[in-house]
Amino acid sequence: MTESRRICMTINGTRHDIEVETRMTLADCLRHQLGLTGTHLGCEHGVCGACTVLFDGHSVRSCLMLAVQADGASLTTVEGLATNGDHLHPLQQAFHDHHGLQCGFCTPGILMTLVEFLKENPDPGEAEVREAIAGNLCRCTGYQGIVAAALDAAARLGAGGTEERP
Amino acid sequence: MKPPPFSYHDPRSLEEALKLLASLDDAKLLAGGQSFMPMLSMRFIMPEHVIDLNRISGLSEIRENGGGIEIGAMVRQSELEFSDLIRSRCPLMKEALRLVGHRPTRNRGTIGGSLCHLDPAAELPVVAAALDASIRVRSERGERRVAMSEFPAFYMTPAIEADEIVTGVEFEPWPVGHGYAFVEFARRHGDFAIVAVAVLMALAGDGTVSRVSITLGGVGSGPLRCSDAESVVSGSRGGAQIFQKAAETCRHIEAMEDVHASSAYRRHLAETLTGRALESAFGRAVNGSSAGKGAPS
Amino acid sequence: MSHSWIGERTKRLEDKALLTGKGRFVDDIDLPGTLEAAFVRSPHPHAEIRSIDTAEALALPGVHAVFTHAEISPVLTTNHVPQDHKAWVFPETARPVVVPENEVCFAGEALAIVVADSRYIAEDAVALVEVEYEPLPAVSDCRKGAEPDSPTVHRDAPNNIVVEFYTEYGDCETAFKQAPHVFKLSLKQHRGGAHPIEPRGTLAQYDSASDAITVWTTTQKPYPMRNGLVELLGTDEHRLRVIVPDVGGGFGGKNIVHSEDAMVVVAAVLLNRPVKWIEDRREHFVAAIQERDQYWDVEVAVDSEGLLQGIRGTIFHDQGAYTLLGLHVPHNSSISVPGPYVLPNYQIFTRVIETNRVGTIPVRGAGYPEGNFVMERLLDEVSRKLGIDRAEVRRRNLIPAEKMPFELPMKTREHTPIIYDSGDFPGCQLRAVEAADYAGFSERQAQALEAGRYRGIGVANMVKVTGRGPFETALVRVGRSGRVMIYTGAMPMGQGTKTTLCQICAGHLGVEPADILIVTADTAGVPHGIGGYGSRQAVTAGNAVHLAALEVRQKALKVASHMLEASEQDMTIEQGEVRVKGAPGLSVSLRDIAKALSGVKGYDKPGGLTPALESTIDFMPPDVTYGNAAHVVEVEVDIGTGDVEILRYVVVNDCGRLINPTIVEGQIHGGVAHGIGNALFEWMGYDENAQPVVTTFADYLLPTATEVPTIEVIHHEFPSTLNPLGIKGVGEAGTIPAAAAIISAVENALTPFGVRIDEAPIAPARLVELIEASRAGISSSNLEDRNQHA
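Protein chains in written order, with the numbering used here: chain B, 1 to 166; chain H, 167 to 463; chain L, 464 to 1253.
Pulled out of the complex, with its shape left as it was, chain B reads as follows (with noise of 0.2 Å):
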């Protein structure tokens, strides 16, 4: 029994029109069928947070979605962050400036969240900032270089960054 269906959604502001099985998750249709490996699977049950992209503008657990229910929407991953492809958006260099990540593998589901969080908390205490990614487990850097990038993205994104918020 394999049911699939036609959707249509826009990720990283391209158009993608594809078929799919109901069953598979969101994080595995942005994975396998649209090659998009930057968002990763840490659990699988909505815990670890690794999965997270923008869905609509507000961040979700992509292992937590069906594909299906992407139709029509409008998603970010973290592939979409940096313009051009290569201009690092204030986060990710941020990021790199302070050693806000070791191997990696929680980083995009981390950035996604502070994505969305900066948005609608420009300028956040500390404690906010760790309030903020509690939902993001990371087991290599003990936190405190993703919350110095964090605070420093938020001051750079103050200071009337130019950059294109997604």
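The reader is advised that the hints may include incorrect statements.
Where chain B lies over chain H, by a calculated footprint (3+ residues, C-beta under 8 Å) [said to hold, decoys possible]:
no., stretch
1, 170-184
2, 201-214
3, 258-270
Calculated directly from the structure, the hints in this document are not laboratory data.
Just so you know, even glycine gets a beta-carbon here, dropped at the ideal spot from N, CA and C.
Chain B is already provided as a structure; the job is to place chains H and L on it using the hints.
Positioned in the frame of chain B, the structure of chains H and L alone reads:
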């Protein structure tokens, strides 16, 4: 951990959804998916049909209706979190929502889904019980309301029929300036509560407690209204001694035991947190009444 | 030498790809025609396999194969997973198998592999495989497993004892008889897992034309993996290549040849299609390695000044159902108790007992956190009983700086000496307590108590063996393009190995780290190597790269000196050229030197030089080198809930010379976070029937950003005397003393209640229980409070 095969339906109207639910055997409803999808991926549930409610319009409104507040079942937890209406009329819910999972899960999770899932450790059922809310239920056979107190039938099982869909929850908000507190103990921020306490409190003109609602979560299959504790506080002038006495009634509640906590620890937490919640709610009630009527809390 | 990058906070070369979603982890590799695998896993902790019926599974559309022992074992030279031991000295039944034939010994053990068009279909088919099990009695608690009438973990074994051994020196009997004070403790350290955020994964591709296999896998040890697979398949090194792509953390969870890895490779060979297995989190919970349980009964003898006279006792160590990596953990635990302290007499009897749970091997810390916990708890006991401040009692017992290098009176199981080569342990603790304002703490604590708050402080010191041999290999080469290249057996899993190694190399050859092309953990790169575990790679690979780059430099200078007719002393290497100082036009590119040495005719070069502008070094450390640290932690305990908040965390760490301080600090932060997990959160639970009861991240609690505080790191640099760069490893350093320091602080916070903590992790519920018991005047059930006099 991949979902098993199923037939997927995404009705565009409530009527279509009800028709599907009535006609299909072995169908499950998909709302926010934050509890549903893990169970599906772990194959704890293997329904033949999945009815996705996310394309149905008309279930996603928050509105005032007469004296009451109506929240559509598909309203996302994050919408409630940022709603001005909820903030001003039901600050208890807003305080609780900050503790519900994490922002990405609140962006999809719905109030209806949380109420129907009835996880003993979830926050929203406790809030609904504290508010004496009623749950709106529809089927092809018609509409009915179920009081939140009657809603949990068994462990993680609501008192609704197989062909019924919860369409919303409604409650009468407490008067402006009322005291409130949602306090819980969880191992980490955003985790399910081991024990949670929701307190609502109103003060009479003379400063005594005219009305109080004390509800525990995490201790049993449904939220527990603590009428014994409420009796202690009701009519009193508050204060540490009263609140401690009220909290001590928690020593006699039946509390469940599992891999996370013993019943003794749950009772202990219930007592500790009830005392703290009462203090907090009372403080807010005093501020609320001294701020005068009409001022949002 | 031109600019050296050693000691610089160079920004990581790895970052850009990872930040932009261009990392290449094993599940990101897309080979045409790849099939996906899932495993049939035993639901029973112990059972006989009566029959396996695969017909219904095979009939499912999209299923290509279901392989069991019947299909797999004929392809293998042996069904035993090759081990890193010269000889197997443990019971035969303890040997891990690739695929069980008729007995499964832990819940989650894989007994068949299903291969299908997608993982989705593979999982559908797994449910259709009908296995007839005959459940057998299971052993869950290793102490019960040691009892003579216990059921056996393996049906055919006489008992559950893997091995029992003494670790001892001196004369404990006399020491204990003569000591004025003897104190006893029973301690429990609970099972925990590695849980990198990326689970395990293996992709195998068989090329029938060349009869060669390529394996992309998350392994921490690429060459042992290759060698193990070569042995299993009866092939040769040139026909089996292991490539480790980007890896999302290891922590010990990806350290060995797993039975699943071997089964995936066999499936690829049998099907002549690429086969990929990506572990899901539930599989990691039940079938990936774990560390501990350990139960210690120990006693310490001290004089009236609190000076250690002796420690003795017994450990029960839960080995799990198979001995997956020898005795690394129980051995390390038993030799790490003395730590940085002077301990004149010592005797520990270690009983390594099997259980019907997944096997235990090193997770970050590798048995050292366990030994450390025991020593630190004992020192706290001494402090409490004799009324000596906890930092002071440690100061008195720490090996003084002037005694370094310090040789312990015992040898390792391989009969090698244990010598702490360098460091200043008392100086390290002093810096830590000063930085943490330990002296001012009693006032902070008193003030908090007045406000009804319970604050505590804890101190712990550790040493950790690092830089294990036997070797690591690096090849540094200037290629045809003139580009500097490094090939090495080293294996990065997040610790910035590529950046660090490029930093080491760059200065010798006048290039920037970003100019260097580095290939790690690809067995086609260098002919042999080892990989990453036990805080070894900075030491071993780092020095290999250093020495190889130095040789390349010297060779280049020699050739250039000949070509330019200038003295080597007058030359520098900058921007890819050898230049003569003060003579701007006089230079020769490294590319041309490389060409000259590669056999291209027409170049004038000195005789007697080996071909190619490259050098391969197998760095063989003369001995292990010891890192050291002191942690001071301040906590507050909410006695109403039992919740512990870490208010301040200070680390003074000696890992010798720092190549990249930022990377070192990141390793310490991560290590401490893992230690916080070990102290307060990570409980891998099994019931009394050896069924795992914790199988999701909702129940197994990894610390998040709201539980881990800002960690203050101070570097206490005492270069190692055992390698040219003076490096000591740091990968595990943050974890080793963390649980001890935190739990000491919690106990200190609860001093008004006289609570004693004898376990890790400790949960809030248990703290509340201990507080209530103490209030009720009942002494904690686990602890005996005896103060024996001679």
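Assertion that chain B covers the stretch 258-270 of chain H - criterion: three or more residues, beta-carbon distance below 8 Å: Holds: 4 residues of the stretch 258-270 of chain H have a Cβ under 8 Å from chain B.
Residue count check for the stretch 170-184 of chain H against chain B: does it reach three with CB-CB under 8 Å? holds (count 6)
According to a criterion of three or more residues whose C-beta lies within less than 8 Å of a C-beta of chain B, is the stretch 201-214 of chain H covered? With 4 residues close enough to chain B, the hint holds.
The structure shown violates none of the earlier numbered hints.
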